[in-house]
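Use the sequences and the hints to build the structure in full.
These protein sequence lines are chains L and S, in that order.
Using our numbering, the letters of the first sequence correspond one by one to residues 1 to 340.
Using our numbering, the letters of the second sequence correspond one by one to residues 1 to 340.
Just to be clear, a hint being listed does not mean it is correct.
Note that identical chains are pooled: a pair holds if it fits in a single copy or bridges any two copies.
[To be verified] Here are the simulated lysine to aspartate or glutamate pairs, EDC-like style, with alpha carbons at most 20 angstroms apart:
1. K111 / E20
2. K332 / E146
3. K31 / E288
4. K338 / E126
5. K29 / E39
6. K31 / D329
7. K29 / D193
Quick caveat, the hints were computed from the structure, so don't treat them as lab data.
Treat the numbers as computed from the prediction; the structure is a model and nothing was measured.
There are 2 protein chains.
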Amino acid sequence: MIQSRDTESIAAELTRQGVESAYALIKSKIKKTPVLTSESISAIATGNDNPPTRLFFKCENFQKGGSFKIRGATHALENLRPEELENGVITHSSGNHAQALAIAARAKGVKAYIVMPSNSARPKVEATRSYGGNVTFSGPTAPEREYVAETIRTKTNAHFIPPYDHPHIILGQGTVLRELISQADVEYGCKLDAVIVPVGGGGLLAGCALAAHGTGVRVFAAEPALADDCFRGIEIGIREPNVTSSTVADGLRTPVGVINFPIIQKYVEKVFTVSDEEILAAMRLVWERIKIVIEPSGAVALAVALSERWKIEGVKGNIGIIFSGGNVDLDKISDLIKMS
Amino acid sequence: MIQSRDTESIAAELTRQGVESAYALIKSKIKKTPVLTSESISAIATGNDNPPTRLFFKCENFQKGGSFKIRGATHALENLRPEELENGVITHSSGNHAQALAIAARAKGVKAYIVMPSNSARPKVEATRSYGGNVTFSGPTAPEREYVAETIRTKTNAHFIPPYDHPHIILGQGTVLRELISQADVEYGCKLDAVIVPVGGGGLLAGCALAAHGTGVRVFAAEPALADDCFRGIEIGIREPNVTSSTVADGLRTPVGVINFPIIQKYVEKVFTVSDEEILAAMRLVWERIKIVIEPSGAVALAVALSERWKIEGVKGNIGIIFSGGNVDLDKISDLIKMS
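Okay, here's the thing in structure tokens:
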């Protein structure tokens, strides 16, 4: 469903300069989200290490639509010609890309058809509708979503905006790290040594990898062990198209995209997996200590930074942690919090 | 237990200028907490009104120790002579003043003895201990707390720092509004028309009332209906010393102080009460829409702004809302959230 014409002509833009151009295009249409720190959480990450670790939290939970996804969606729409927009846009998404596309489409004054898996978090569905999105449900797996989306696309002739597997999306999401690097410098006078980025479909991860290239910032990925297709794909050197959908990190239940995988292979130093227990403990720590709401998928990078495997890896200094989103179903999360 | 010598000599400082002086003294020792806005919550508060209501949220949940209480505690310690500090300090508190005094005492290098009611939220007890506070438990009512505190004070000769019923505490807490007024001006180019302030013991409310005096900012109070001693006291014109302790807003289960009451009588325009259901619904809205964690006591002012009674009152324009704290017991709050 990806428009191969577009894809080929812009694949050459998949560079740090491409992220920079994307940022110039979307900057005025998104929020510059805050970068927060926490002495107590940095102290936990440091342990007995010297020099101490300092964590910088990029708070995309405060972004429009509650996640980083508005960056890629806005960038994709900014790159469409008027005739490509006239029948509206369509996508499939577990939730955050859905909300983002609905918001971006409303800002452009065009229709948004959104296919959401039937197990999507209720507030994400409600929010997508509240932003004017026309929601249709599908089964929970990627092939099921894609089938329903293709059916609607054929009927409406709406333009398909993929959730992660497209250069425009990747470049848009990469602006998260572009912004974080500059905020660490300007607001804290610090140079990042590394960044840990959650990976689901790999839009955010591939984009951040491009944004980091040539800056000296090392890029690591954080993935739920219960949806570890990226980790396995990197291990065997071939993209792994299958993923289970049982992790609590509902935003990361997708296989890494075709365009995303080779970028990750090339630029990402290592993929770390974390258990659902580690994800929930990290999420709880953020709620209690920083007093902000992040969703399980948004806590995966911190879960890595607090893990034994990360300590063994020995990456020290100023570490960027991407809090990718904050859209939680408070009714369901209550039970999960008690387990943590 | 209040040192009447001190009280008399500084009662004359209970003015806006007194708040200003307190701010100069504590400014470098506290956090300047952010002021946030939310289009969607302001829209709910506005309803069909014209001009629209714009809410400005003063986020003391991000303050050191997770609530505004560090302001009063720091101000109180800054005003003590070395010989008054040498045997340490003591207080009784349901939690937030406890943590605040422990932090302020540690910063001064003195001991802190803290009496906490046995039904205090677990994380508040743990946090108080983690800041070096020496915790003793008492029964849940004010007389029970006071009795245990007096016993320890006699034994240790520690200096008593009351949670709210003291001029130094009142002036310190008033810096919340002092800061909010200036942030609304500098960061948003807005003049506040009114502010809604939670009331428990009345330290924050009396302090904010002094800070507002002469500025044109109208001051309203927000109180849980299940702990409405302030509301009843104002109605009958005499301080009501009795209060039940059943509200979900655990920080507001105290009667208004002796020094606080006449200030509130004189400067606060009206006290609004809200049900526990309204408090929890407001808290949930903040978690979901603003993505920040506030405690039930911290949601009482917003609950008023969203109520029918407030609409009938007809206060419009730029309204300050004090989010007084963010210390929640996530294990317990889960059940409450489900009820909301």
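Hint check:
Taking the shortest Cα distances, K111 and E20 never come within 20 angstroms of each other, neither inside one copy (28 angstroms) nor across copies (53 angstroms). In this homomeric assembly, K332 and E146 never come within 20 angstroms of each other (Cα to Cα): the closest approach is 27 angstroms inside a single copy and 40 angstroms across copies. Taking identical chains as interchangeable, the C-alpha atoms of K31 and E288 lie at most 20 angstroms apart only when they sit on different chains, with a minimum of 18 angstroms there against 25 angstroms within one chain. In the homo-oligomer, the alpha carbons of K338 and E126 lie at most 20 angstroms apart only across protomers (18 angstroms), although the nearest pairing inside one protomer, at 25 angstroms, exceeds that limit.
For the homomeric pair K29 and E39, the shortest alpha-carbon distance between copies (16 angstroms) is at most 20 angstroms, but the shortest distance inside one copy (32 angstroms) is not. In this assembly of identical chains, K31 and D329 lie within 20 angstroms of each other by CA distance neither inside one copy nor across copies; the values are 23 angstroms within and 31 angstroms between. Taking the shortest alpha-carbon separations for K29 and D193, neither the intra-copy value of 29 angstroms nor the inter-copy value of 30 angstroms comes in at or below 20 angstroms.
Going through the hint list in order, the structure does not satisfy hints 1, 2, 6 and 7.
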